[in-house]
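Two chains, each in its own frame: build the complex with the hints.
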Amino acid sequence: MYSPPFSPLARVCCGRVNRGLAILGDTLFMGTIDGHLIAIDAKNGKPIWDVALSKPELGYSLTMAPLIVKDKVIMGPAGGEYGIRGFIAAFDAKTGREAWRFNTVPAPGDPGHETWPASSNAWEHGGGSIWVTGSYDPELNLMYFGTGNPGPDWNADPRPGDNLYTDSVVALNPDTGRLAWHYQFTPHDEFDYDSTQVPVLADLAWQGRTRKVMLWANRNGFWYVLDRSNGQFLQGKPFVRVNWAEGIDEKGKPKRVLNASPEGTLVYPNNQGATNWYSPSYSPRTGLFYIPSWMDTYSTYTKGPVEYKEGNQYVGRFPTMTVPALRTGPGAINTRTPQEGWGAIQAFDPKTAELKWQFKMTDVTDSGVLTTASDLVFAGGREGHFFALDARTGAQLWTGSVGGQVSAGPMSYAVAGRQYVAIAAGSALFVYALRQ
Amino acid sequence: MTMRRLTTCSLLYGASVLLAASAVLAQEHGYTPADIENGSRLYQSSCAGCHGPTGDMVPGIDLMRGQFRRGSTDTEIIRIIQTGIPGTTMPPSSFSDTQAGTIVAYLRSLAPASGRAGAGGDVPRSDIVKGKALFDGKADCAACHRVNGNGPRVAPDLSDIGAIRQAKELHEKLLDPNALVRPGNLFLEAVTKNGETITGRVLNQDTFSIQLLDSHERLRSLSRSALRDYRFVKSSPMPSYRDKLSAEEMNDLVAYLVSLKGLRP
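So the sequences go chain by chain: C and Z. So the first sequence is residues 1 to 436, counted in our numbering. So the second sequence is residues 1 to 265, counted in our numbering.
In short, the hints are calculated from the structure, not lab data. There is no bait here: all hints are sound.
To list a few chain C residues with every Cβ distance to chain Z over 12 Å, as calculated:
(1) PRO47
(2) ALA52
(3) VAL69
(4) ASP92
(5) GLY96
(6) GLU98
(7) GLY231
(8) VAL257
(9) PRO284
Here are some chain Z residues pointing at chain C (derived, C-beta under 7 Å):
(10) GLY30
(11) THR32
(12) SER72
(13) THR73
(14) THR75
(15) GLY184
(16) ASN204
(17) ASP206
(18) THR207
(19) PHE232
Only a predicted model underlies this, so the values are computations on that prediction, with no experimental measurement involved. Using N, Cα and C, we set each Cβ at its ideal position, and we do this for glycine too.
Extracted from the complex, chain Z is given alone in its bound form (with noise of 0.2 Å):
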């Protein structure tokens, strides 16, 4: 049988088309880092308000230092979030069993054994107002950034960035760019056969083609096939701050950015 001769007829799937091999859900365990980055999200526009930013904000609780006193396992913590605690302020929520693991998740993966920086400890007295203006003018991060709908699209859109990093490690990543680059944020080089090259953010790649926004901020979908030879870029195209900013615009720039938790447009 010659495969380009067969045809298609696609059916609804209604409740009664029976399908013995259909499994469209299997078991869902374990967190990626896409969840905690969730769970950071969700802690910091629910719980926030009350445990503070860095979760020590309620008198003699601090839920980032991976022990609780109301409960130890990770599925106790989950229905006190559903639950909320009664007689006491800490409300109820309509979290499901999935949001609220990813809080605890995210609660999880800041805990000191856990080896990622804490949230806790010394943020520096910082200003804002001057961070962004940096962040705009000195160290000009908005000639690549967008941030609440301006800005270049060519690196990550910083709206939440305060959601979803630490002030330590948004300080790492000021100092040494190239230590961490999240898999969402990388940039890919890739050599066509008729030998251009095309480098640019990978929004997204699958066995047949690959998305990238280029330098120029334009999408190209590339075939596979068309490809001499792709690669990711394991280099930060940002460039390090170490010796261009002092200690306190650091800080200030890290203050600005810690304080970006609006959603992205």
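Bound conformation, chain C alone (with noise of 0.2 Å):
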């Protein structure tokens, strides 16, 4: 067992969250949520080496779990609450050193600072937090990262412009973290609709050719298909009840049309999204691409004071929702009507953007989905239940208790033959397998 040690200057505006660990050869790879990067020896537990990404006190922590690229470390810092400046860096996997660093908010003179006002240093604490780790496609050579909101949160004021490269995805080569292209979901956002999402890659037959496709249900309600070889917006479409934007347009704007205001604006979907962290999934089988999805929900948005002050929170006034972000004890009572939150999978056919079937659950979710070539989809929820549906109908045909929140993406794994599927739900690990 190894516990680093934890500096209590750390500041998290979410929880001590860890996501997980990378691992190359004999090596594992493990963030702090007081911002280092430390490689541990697999076979003994003992530190190899570590390194100080960033300054704790400011706000700066590591939740995701490390990427892997060839002989590198990705790594990025999770904070915008704070108002850091979101990167992504590489560094050597034997030796620690930082090979290289792309900051999500361009500084003056960088492509992309234009986004940013010229009179004030508010890129300085513009966010654009790594929360949740990126998609390597090796045939490319490129790696897809979400990235996190602008900040202030909930106040935009400090900062007109769309706000690059914040709520966005950014493909970067991981030899040398050259930008090849970006995508901006929500531009200029008040809404902390985060694009910390898992980015899918799918090879999708797309109008008479095959595409390399980038698939991506983000939290401000839309769904996407991007071409993930030249970054080129194909589709996007509501897949929740969307108000803050009318459609988007050819060009993959959001056509916006509503902002937060001194008396509160409300705002459909809520400040925890359509959907967040929780891992989609694509089956190539049946071609769908399944979303885990928050249905109906809203916040209200009311512009506040902000002024930044190093190690506080930085975001303007908290939005109120009627779904608790987060499930744990009395919460764990749901007694809200269906026009106060509901959950569902849902099931979409990238190629048509028609929803072939939904899943639906009385409360929200946020657990990931997992599909097997069985055609089987495995999820759980907040309620407690894990489950198997039919991944071509949508048709529960197994649910088992858990008794937990499950906040956590199914995983399936073959050991000497025989499947098993896991889900960690509440504090316990359930595994699964056909009886023999």
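Structural data, given as structure tokens:
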């Protein structure tokens, strides 16, 4: 057992989260909540190297699982609620030496900086956190990361402009850190619509030819098909009730119709978004894209004063919402009407944008979905159930009680020819297999 | 694979179990009505002693106006609640960011711009003792409501209603019960496939079942698959007291309700 020391200076908006480890050969890699990236010998648990990426007292923390590409460990900080300036950095797996760093908020003179005010240093606290591990395409030699909200979250007055590269996907060359392309889902965000989702890479027959696409269900309520070789916008459709934008134009820009206001603006979907970090899934067998969705949720955004002070939250006024961000303790009771939000797993056909089926849940869900080659969809939710659905119809085939909230993604693996499905629920790990 | 043949084995999930996909907590932002209620309870128990139930008892300070002298952002007010104000009688507290945040959310929810009934203003002179007599007697609220461990459970327990509702809201509730029924107090009408109709207060629900407290105070757990139909009842089972009580009686009753700040038993 290895337990890294922990700085009491660390500041985390949303709990002491760790989304996992990475492994390369016999070395494990782990980010810590106080901003260290640590290499650990997988055989004996001894640390090999330890680098501090950033200052914990300024709100930088590492919550994502590192991504390994070739001989590099890729990492980026969370902390968009503390006025950080986000980045993605690569470290040599052997030595921990930093190889390159890509800033998610460009400095004066760099491309993209024109989307920030020239007259202030708003960009220095512009957010663009990296909460969730990206995806890598070895053929294109590109990796894709979603970026978090701009800072401050709920009062955009200090940062007129689109605020690149927040709420975006950036495609980077893993050898150099150079930006190949970017696409911004929510320009000038005021609703905390981090693009902290897992980029799903698929090869689709698209209008007569096979295209390397990226499927992305975003917190802002739209799901997207992008060409992942060049970032071209192919399609963007709402998958829940959305009122902040009236669709997406041909160029891929949302047609924005609402802003936060001093009196409060009621916005669908709510602050936790239409979906979030929970993994969606694509099955090449069914050709469907499966999205864990928060249906009919809304928040009221009231523009409040905001001022940057080192180490303090830099957010503006917290919005109100009907659904708790996290279901714990007394919140485990759900007496809400459907008008105040419910959950679903939705299956969309990317080619036609058609909703194929919808599995309704009474509460919203923080569970990832897993599809299998036997055409099953595994998922859980806040209600303590873990279940399997027919991937083609959404019909419920099996349900198990796991006695606690599922906020993880199911995983499947095989040992000695036997397939297992594992899920973490509450503070227990459940593993299922077919009876032999 | 047929799903009936799945077997389970559950392991305890210790610190050494590595689970790449496990995201225990996520971004936790924003306040629900339940948070604001909790903030209200914390305020009434920890702050009202000095600042008064309507936030204006410390001279020169009004906490429920939405504006503060010593800070403007939520973060600043949270810090003040945690650290106190040195050199004054405003004490530090051990509230977490989240707890202090709910107090701020509560104070903000009462600001004039929020549209919610303000806390300040005139609460007319009235009599708590007379109010209690009405509650138990003539108005017969006790026929449905429970207070401090006495009374039925078919309607919400009112033991701490004064800590979570404003006088103005309570007045409105008595005049027009249908105007605002909070989610936690909703009734549901379910019709089973056998044709039985069950109405009760919703205690909990999930994808597969609903738990109700029916009119005989029986806990019913209904499987959704056994139901033909179910719907939330939008109207309140509570009668209006518009023409049943005089203005003075109404004020006494509200004064009594406002005085109920105890924790639920």
